[in-house]
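Asks: Guided by the hints, dock chain B onto chain A, whose structure is given.
Chains as they are written, first to last, in my numbering: chain A, 1 to 372; chain B, 1 to 372.
Be aware that a few hints might be false.
List time: in silico EDC-like cross-link candidates among lysine to aspartate or glutamate, alpha-carbon distance up to 20 Å [what the hints assert, rightly or not]: (1) B:LYS47 x A:ASP44; (2) B:LYS218 x B:ASP190; (3) B:LYS47 x A:ASP45; (4) B:LYS72 x A:GLU290; (5) B:LYS72 x A:GLU287; (6) A:LYS72 x B:GLU290; (7) A:LYS71 x B:ASP291; (8) A:LYS71 x B:GLU290.
In case anyone wonders, no lab produced these hints; they're calculated from the structure. Because the structure is a prediction, the values reported are computed rather than measured.
2 protein chains.
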Amino acid sequence: MEFNIISRDDNARAGIIKTGRGGINTPAFMPVGTNGTVKALGPDDLKSIGAEIMLCNTYHLYLRPGHETIKKLGGLHRFINWDRPILTDSGGFQVYSLSKLRKIEKEGVRFQSHLDGSTHFIGPKEAMEIQKALNADIVMTFDECTPYPAGYDYALKSLELTTEWAKICKSLYSGEQALYGIIQGSTYRDLRERSAEEIISIGFDGYAIGGVSVGEPKDLMYGAIDICTPLMPDNAPRYLMGIGDIHDILHAVSHGIDMFDCVMPTRNARNGTLFTSRGRISIKRTEFREDPNPPDPECGCYTCRNFSNAYLRHLFLNREILSMRLNTIHNLTFYMDFFRSMRESIKDGQFKRFYRRWMSINFGSSGNSVEE
Amino acid sequence: MEFNIISRDDNARAGIIKTGRGGINTPAFMPVGTNGTVKALGPDDLKSIGAEIMLCNTYHLYLRPGHETIKKLGGLHRFINWDRPILTDSGGFQVYSLSKLRKIEKEGVRFQSHLDGSTHFIGPKEAMEIQKALNADIVMTFDECTPYPAGYDYALKSLELTTEWAKICKSLYSGEQALYGIIQGSTYRDLRERSAEEIISIGFDGYAIGGVSVGEPKDLMYGAIDICTPLMPDNAPRYLMGIGDIHDILHAVSHGIDMFDCVMPTRNARNGTLFTSRGRISIKRTEFREDPNPPDPECGCYTCRNFSNAYLRHLFLNREILSMRLNTIHNLTFYMDFFRSMRESIKDGQFKRFYRRWMSINFGSSGNSVEE
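Next comes chain A alone, as it looks inside the complex:
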């Protein structure tokens, strides 16, 4: 993996991550394909939309169909028929957020599957093994995603564990896949700083800010960004995990973040909420009953080119499967277009203007979430 910064505009940066499976222009948004599919879309749809990378969940794919099965079938790319880059998370977040009766031990986490209650164990060694079998292009270290709120002592112990596990992951690093380290430290400045220092001193291909989007107030999340970004190496991609709110993205990019993932566009789509250049709209509203216009006249997506708000409302109210597909195509196109314009604004030295323009649009409550 190679990372080149092409342009800077204050702290914002536009660059490109080069992988064996193609380039990823940054700042980049990664659609979330939890089970090996971005919900309601196929890989050809993602390409039409312009997605250059997708994120898949190690935890989910480990449980079903199993990483050994995927390995036998030629790896994740072949399994899902997606030949562009894939990033897999390490499973750390899901082990905490989804599984039952988890027990954190020195070597990893013992937990019960949210699907069938079966008992499993994943630690740094297992996470690396699973991610190797999946054969993603970018893999993540196994961390403890410190919950919010966490007392100082808990957060300290948690970050120490994350550092220990990060060392183990690094020791198992083969160089075939890019490996990103994850910074924890909860809401404490000194712990964030300490975690950043420890993770960076181990040395990774990229660095992520984890332990955000776990229920903390927005100012604390912004705080984590503000504390961590100045400490993160300039020449490596910086990834803010699980954040997808437009205003949050603007804040993060203004501090030099390069990568994002979030289920916001996709989950909202399935709930009938569409992103437009004038804010969010709820397609079920009566005002759209006889509206012949598309959701966003400025949007060139398949949905906006072909269908009216009236039809989209009709499909949504009838719980038609096509509703989820068309809404998802629109929302992801919106995100891809937003990121493309953002990259251009950085290249043109116009990011401040871009920032102000988009900050002035009300997108409602955050809804950052990493779980579909």
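Replies: Just chain B, lined up with the frame of chain A:
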């Protein structure tokens, strides 16, 4: 509307129905788009699959979003963005099968919506009005779909009502849309003959056999085909309503039926049952867990070209939306290919061979059904 028979092979016929929105090669299969969408697919998908006509349900579209709304938005084609022919049923079948507390009167049927219990009235006059507003290319007379079982006296009264209503529909016929008459008569030979005679004497652009696929045993359904087809005009399309079982289709085509509709391929797809050249398969079966092959190596559909049984099984077990889409694309392609080969076999004078070949494949239980 124009109908030309191109080839005959015994009683089987291959022809073309010409409409202002394009031709329909017969024998034709019409995918069912109940609410103005073939479940899980968009209009572009249907075109890729080779569908030349789709069926939409008057009853459903009348209730939601309402025919007046669709009319205001430029008609059904524009509303759903499908520029090829559409056939709308008259609502007769759904009024009986879906609605609550229906009461049959001389002028039509009073019923309660299955959606919200609201009271409505549809008779021949209303059915023609609604279908005119929807602006389908082919519309159906409003009939009483005689239930099974029905006593002789009930069946007689029912067919008399259907004839009266057919006359009213004909009297409202503007010529802008093709109008098909529906033959009833339940399971009684003389009543089927009488209904055929009465409906044919009114004179329509095409003729349908109704009151089948309502729970009757297969031999009685075959009986209705055998009784009616010799009486139906040779120079008009013949439509067997609601039948989609492969063996039933073969029987009907061998008796000169030209048009079919059924939810079999689409509903089965969503339930994980796929049609292949070797019979039906259930994609959830363990045997497919690590199977890198497509559902049907002989199939050229998007699903078979791009995905393995292992991935399709994974998507189905995870209830992924993409599962429904990929399975539906496959099953409808299977039907379109089956009908294309059948037409070719008729043109080549090889229908008997085609018939025997496909009759030898076990497709399991019928599952004919007109309701998604």
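Asks: Now tell me if each hint is right for this structure.
Replies: Hints versus structure:
no.: 1; hint: B:LYS47 x A:ASP44; in the structure: holds, 17 Å
no.: 2; hint: B:LYS218 x B:ASP190; in the structure: holds, 19 Å
no.: 3; hint: B:LYS47 x A:ASP45; in the structure: holds, 17 Å
no.: 4; hint: B:LYS72 x A:GLU290; in the structure: holds, 8 Å
no.: 5; hint: B:LYS72 x A:GLU287; in the structure: holds, 15 Å
no.: 6; hint: A:LYS72 x B:GLU290; in the structure: holds, 8 Å
no.: 7; hint: A:LYS71 x B:ASP291; in the structure: holds, 12 Å
no.: 8; hint: A:LYS71 x B:GLU290; in the structure: holds, 10 Å
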